[in-house]
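Peer 1: Residue strings, one per chain:
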Amino acid sequence: AQTVTQSQPEMSVQEAETVTLSCTYDTSENNYYLFWYKQPPSRQMILVIRQEAYKQQNATENRFSVNFQKAAKSFSLKISDSQLGDTAMYFCAFMMTSNTGNQFYFGTGTSLTVIP
Amino acid sequence: DGGITQSPKYLFRKEGQNVTLSCEQNLNHDAMYWYRQDPGQGLRLIYYSQIVNDFQKGDIAEGYSVSREKKESFPLTVTSAQKNPTAFYLCASSIRGLNYGYTFGSGTRLTVV
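Protein sequences, first through last, are from chains A and B. Last residue of the first sequence: 290 (the numbering used here), numbering continuous. Last residue of the second sequence: 127 (the numbering used here), numbering continuous.
Warning: the hint list may mix true and false statements.
As the list claims (entries may be wrong) - DEER-style ranges, computed between Cβ atoms:
| id | chain 1 | residue 1 | chain 2 | residue 2 | range |
| --- | --- | --- | --- | --- | --- |
| 1 | A | GLN230 | B | TYR24 | 26 to 32 Å |
| 2 | A | ASN241 | B | GLU29 | 43 to 49 Å |
| 3 | B | GLN31 | A | ASP255 | 44 to 50 Å |
| 4 | B | ALA75 | A | GLN231 | 51 to 57 Å |
These are computed hints drawn from the structure, not numbers from a lab. Note that this is a predicted model, so its numbers are computed, not measured. Idealized CB from N, CA, C, for every residue including glycine.
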């Protein structure tokens, strides 16, 4: 079975600073995908960034980047130049493809507060 | 604009009643999913459907039922057998066979009164 662990229930960061959210996962699969989703107070889930496990290069989307360590099964999210709008719950997710389609597994989330 | 619409946004149910949560998408996605979100527990999969007229149970299907009569629609019924239905419910969809992640609806908050 696949599991996703986010060990930081809550974090805070000063506006314009950098913060890193941790995520580890456990799987015996070799081909999978990893995601970070953001859930602001509106509760709308928004895709932040996506990483294919077969790619060694870390994914980057503007101020958001990941540190993907496949051997360590670690997938952390770095937010640079934090903005007030980054205040949200962040979920790490693991996805694999099976005979019954895509299977997602979510972590329990990290609540991030950006302090003005 | 394409997207997923969940309705209603807030729903109140008396104990012993069944209620149905609506989820409609116009993205032409094959697969649709229902998740339950509780504080501190992340998202837990209730049911999912990869094609019309077919669906599978997720991790916490007891007390819930679904149907997939149309590609665009995947309603979730919370039955009286669900012991603790108060939660936030999220619907999602994806393109089957592609790995671009989910598109989520805006959710329904269900409260049992």
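Peer 1: Now tell me, hint by hint, if it's right for this structure.
Peer 2: Cross-check of the supplied hints:
no., hint, verdict
1, A:GLN230 / B:TYR24: 26 to 32 Å, "violated, 45 Å"
2, A:ASN241 / B:GLU29: 43 to 49 Å, "holds, 48 Å"
3, B:GLN31 / A:ASP255: 44 to 50 Å, "holds, 49 Å"
4, B:ALA75 / A:GLN231: 51 to 57 Å, "violated, 39 Å"
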